[in-house]
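Participant: If you want the building blocks of each chain, they are given just below.
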Amino acid sequence: MDVRSLAGDVETVIETMERARLTDGLPIVVPTLERVSDFLQYADRDPDDPVAVAPTTNLMATAGLIAANAVMAGCRPEQFPVVLAAVAAIFDGAFNIRGVSSTTNPGGPLLIVNGPVRHAGEYNAGGNALGPGNRANATTGRAVRLVLLNIAGAEPQRGDMATLGWPGKYTFCFPENEERSPWSPLHVTRGFNAEANVVTVTSASGMVNIMGGDRIADELFEKIAGSMRLPGSNDHAFGRGNPVLILSPEHARVLASGGYTREILQERLVERSTLELSDLSSHNADLARKSRDASADRPLRVVEDARDLTIVVTGGPGVHSYFVMSFGESRAVSREIK
Amino acid sequence: MSDGSIMQVVWPAPSALSQGGTMAARLRSLEGVRIGFLDNTKVNLDILFGEIGAVLQHQYRVAHTERVRKPSMAGPMTAANQEYLRQFDAIVTAMGD
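Chains as they are written, first to last, in my numbering: chain X, 498 to 835; chain H, 1241 to 1337.
Read the hints as simulated data drawn from the structure, not as lab findings. Careful: at least some of the hints might be erroneous.
Here are the simulated DSS-like pairs of lysine-lysine, each with C-alpha atoms no more than 27 Å apart in a straight line [to be verified]: (1) H:Lys1310 / X:Lys787; (2) H:Lys1310 / H:Lys1282; (3) H:Lys1282 / X:Lys787.
To be clear about the criterion: a stretch of chain X counts as covered by chain H if any three or more of its residues have a C-beta under 8 Å from a C-beta of chain H, and this derived list gives those stretches [to be verified]: (4) 563-570; (5) 647-658; (6) 665-672; (7) 679-688; (8) 702-713; (9) 799-807; (10) 812-826.
Even glycine gets a Cβ: it sits at the ideal position worked out from N, Cα and C.
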């Protein structure tokens, strides 16, 4: 590990690291040798253990480097194994971090946590699961952002050319509310045992709120499908992403009671949310023709394979769900948390 | 405010050199070299890369320029793209918006 002696009190060291462009703009926790060592000890990792190579820089993200960034983000040691698995996932070639991280598109990684670690790590899958108030949700996503900044070269306007960015690039992590989902957990649908701890990363570029206390499943279905028809999104232009439908437990229950399984919902939503090439602007239509098998007689699906529409249940009481747009050229990747 | 204390801090950002990496050597001259342009399918890329290619050949005596197209704007190049590009002395990797 590169251990440096910095002079001054905590505030001075935080300022020093901010001036060195090592932060996301928010104050950090100083990654002292003692704190980083605690994280490594918790996860039983050596500082130089290789975790994954950042495809954008060819730099090795070691356990020590990731621990330093996780400390800076404000993680507790209990969240460090989740961060390690998430970093390995975003540097998997299928995730296409080169595109996701450097693009003018607003997007960044979204982390979904499954398994018993949700409880051990004190993640919040209830009310405000995507909002403020929970340290584990907030800092796990932030740790991955700091890894992108400090190891993967995603410095704003140098390696990360986002036109606008979006608040989800500071942090975007939540656990599935497996206990209140009518369907099997996300990680089980992706081939893991129910008892496994898994983090799934996918790209997220923005969200559409889907509101309403519908009690008729088919009406709720139609509203969700309509909320997915977005002529300006990357998904309809490129069609090779994993957009995410985040259902509140109440919405999921209404759909399930109307006979919708996750698989039926995926298939019918993808069928029902298609756009015609003529619904897109001429520029986006041109992109679609160049990037996918698009023609006037073939509707544009948000994803080609309905199974690529990720459906997950989280949150507390209430009648709001989200459709999360993806980068459109990035595959979701899951990694077991060890 | 500094109180004169020293903190032992783990630096969170590695450098290429610290991990044994090296920078590619710069070309000594453009004269007689072959330059590849990775075409990322952006609008007007053909015009811009065409103009740059003409300047490189006529003003700087570059021997050959060639565009190699990857499948889509946002996705990675293919293994075949990568293999084909090995023949060039230098590569322009993309055009931004």
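Participant: Against this structure, judge whether each hint is valid.
Facilitator: Consistency of the hints with the structure:
| no. | hint | result |
| --- | --- | --- |
| 1 | H:Lys1310 / X:Lys787 | holds, 11 Å |
| 2 | H:Lys1310 / H:Lys1282 | holds, 11 Å |
| 3 | H:Lys1282 / X:Lys787 | holds, 10 Å |
| 4 | 563-570 | holds (count 5) |
| 5 | 647-658 | holds (count 3) |
| 6 | 665-672 | violated (count 0) |
| 7 | 679-688 | violated (count 0) |
| 8 | 702-713 | violated (count 0) |
| 9 | 799-807 | violated (count 0) |
| 10 | 812-826 | holds (count 3) |
Violated hints, listed in ascending order, are 6, 7, 8 and 9; each of the other numbered hints is respected by the structure.
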